[in-house]
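Q: As you go down the protein sequences, you meet chains Z and B in turn. Here the first sequence is numbered in this note's numbering, starting from 1 and rising by one per residue. Here the second sequence is numbered in this note's numbering, starting from 1001 and rising by one per residue.
Simulated from the structure, these hints should not be mistaken for laboratory data. For every residue, glycine included, the Cβ atom is placed at its ideal position computed from N, Cα and C. It is possible that part of the hints are untrue.
Below, simulated DSSO-like cross-link-like pairs (lysine-lysine); rule was C-alpha separation at most 27 Å, straight line [to be verified]: (1) B:Lys1372 - Z:Lys123; (2) B:Lys1361 - Z:Lys151; (3) Z:Lys168 - Z:Lys143; (4) Z:Lys130 - B:Lys1333; (5) Z:Lys151 - B:Lys1372; (6) B:Lys1386 - Z:Lys143; (7) B:Lys1333 - Z:Lys42; (8) Z:Lys42 - B:Lys1361; (9) Z:Lys86 - B:Lys1333.
Computed from the model, here is a short list of chain B residues facing chain Z with C-beta under 8 Å [stated by the list, open to error]: (10) Gly1178; (11) Thr1190; (12) Ala1210; (13) Asn1327; (14) Val1335; (15) Pro1339; (16) Leu1343; (17) Leu1391.
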Amino acid sequence: MKRPLLHLLGLALIAASLAGCGASSDHALNLTLDALDTPVAKSTPYDEPTVKCNNATVTASLRPPATLPAPGHMPAGSFMADIRQKGHLVAGVNAGAYKFGALNPGSGNIEGFEIDLVNQIAKAIFGTAKGHVLLVALTVPQKIPFLEQGKVDIVVDTMTITCYRRTKVDFSAVYYDAQQRLLVPLGSGIKSISALAHKPVCATTGSNPIEVMKAMSPQTRPIPVGKSQAIDCLVAMQLGQVEGISTDSSILLGFKAQDPNTEIVGPSLKAVPYGMAINSSHRDFVQFVNGVLSKLERNGTWQQLQANWLRNFGQLESPPTPRYDG
Amino acid sequence: MWITDAAVSVEGAGIAAAPAPTRRGRGIAAGALGWVRDRLATTPGRLVLISILVVVGAVVFGAIALGAEQSRERAATAARLQTERLLVQAKNLYTALSDANATVATGLLSGGVETAANRNRYVNDLAHASVALSNLTQEAGTAGNAQAALRTIAGQLPTYSGLIETARANNRLGFPIGAAYLRQAALRMTSPSNPEGMLPAADQLYRVEAERLNDNYRTGTATSALVTFAAASAVALILLLLAQWYVARISRRILNVPMVVATVAVAGVSVWGIVGLVNAQNALSSAQRNGSDPVEVLSAATVLLSRAQGDLSLAIVSRGTDTADANDFDVVKRVFERPGGLLAEISALARRTGTTAAAQKFQTDYPAYQAKAQTVADREGSGDLKGAIGLAPQASAISERLSLDLAEQIDAAQGRFMRAAAHATSAFGGLGFAIPLITALAAVLALVGLRQRINEYR
């Protein structure tokens, strides 16, 4: 009579031990959810320190030599001779500034007014630019480090000459006098930034145009809206999220070229002089580039190149007047 | 003495069942006690008490055993027919959205006009996402955050595809704003800061469905249910045996045929139940370990590979003020390659499921992808966009191979799940009817057997 009881007990024990081997496990689930929840790497806004200097002389560069060396005959020991030696000019450029320096998605080439200026400098060194230019597309924070580390010979990248940057690198004479201006939808009736008081106006996060807008009087000040790239502002305006974009006229010309339903209006809010940046230990190259620029501006090449790229999109600029300090 | 114990437990039951001790209640309780005391005084009275005890015991412990069996059977059935299917829908939605995002970014790399294959892949992704979305909307039902996530995706998907078409149109014209629209669209997908992001919403849905399935596994393999079932069966059997022992003691007949049959029936259904529960548990556990575990891990790998491929392409087409895309590519790489990461888990699962041969292709393609992607990323990082764009198709071709291969492995794992889950539910076969039926039968037989003895005293 006791035996069935023992059997039952045994059965229960077997059941309990079998239960252990078929238990469910959360391991794969937890690993899956952890992997899927991996946070997206954040972008870090780029910010440069503000340094005070004499704004009147910040654009002054080194005086060019009286006569430029002939193409293919760079003075021995000069940086230009080094460039000629290695076979190509390595230029840091913008890949997203339409008409100045932008990636053509069709060809995979970077093209624009600034690229043509780079080609002219290469031509002055090698006699022809063909096969002697290596373009390096730079992100904003890469510009100065790439020059300092010698990864590029020159940066021609819608780069404003500022006091801070001059403490790090040398600049050529101004090659394009951009102005901070305002882009609005065509037919909006807005004639200047004061008409956009308390309205959202877009610029690159942390950029100088944002500071300029913030410094306006409270009565006329727009609401600055920061985007991580200037082109994001054009998206925002097309989507109706902002009523205007205030940034460099060069960038705005590129926007107008991509969206004919916009117009550049109002006076200059600030001068934005562009210079070609060069490692400060290559003074001979700064002088050489200034010589090339001066020649391009005098013989009409500069004007021709500008017209090639920008003729349909607004008033063409006259070549900037170079300032030299030496 | 056994009989005293039984009497005491009946007395106890009488007290417990009594209503709150009001004056009247106390009267009823006292009356019941008196009735029991009267019955205890005579042998037929005791037999009547035992009859009541056996019937009540059969009903109570039969119900407990049935409840334990049913909790497992319901969970296994839900896993097989509902929750796993919804998890697959959530997976389809998640992978389709992330693949769409990577595909379109990679397509813009190939110049002004993307290939027909690339365009079709994007269109198919959106179609798959929409189908999964409507399936989930019909069934995901309950959880509030699941509903919010479904609304987010349903609301954002048209805007997303609109932005993508604007990106395409501008890209065809050679305008850099095309890449900006692409980034804007990608932000609607991924942005962690954007509570309306579609991928975070898809992640939310995936999590809800995966946890519901996991709950089914937990309930369907709960040791407590098996132990409860075994204990209830044992107690019911002991009651029957004790009743027979008493009957044998007071009469000269050792065997009471109806009661023996009742005991055998209860013992039979107990063994059947335990074997069924153990088999079902093993099958359900196999459905998880060989089926849905690999489905989950491999779909996470699919989603993350799309993310890496999207990062690689976006870094080239839309160069920002920093290297966030390139950094994110490395973040994803670490999730795969760290110790105990996805790669290690995929290998472990392949060994567990005996599919190492099928997994071999992935294990060789993955390092090839990383190597090619690294050369693309190096070109991009050094500013050689033309070089990066030239090499990018080689990386994206391997990426496509990887995701096709993962999809194949997921299908195979899904097949293993379906087979094992079908075994799990069929292992319960008929228990849900047999337990109440046989319990009732046993109670009736025991009553008949006891009635024979009681009648001997009339």
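Q: Check the structure against each numbered hint from earlier and tell me which ones fail, lowest number first.
A: 1, 2, 4, 8, 9, 15, 16, 17
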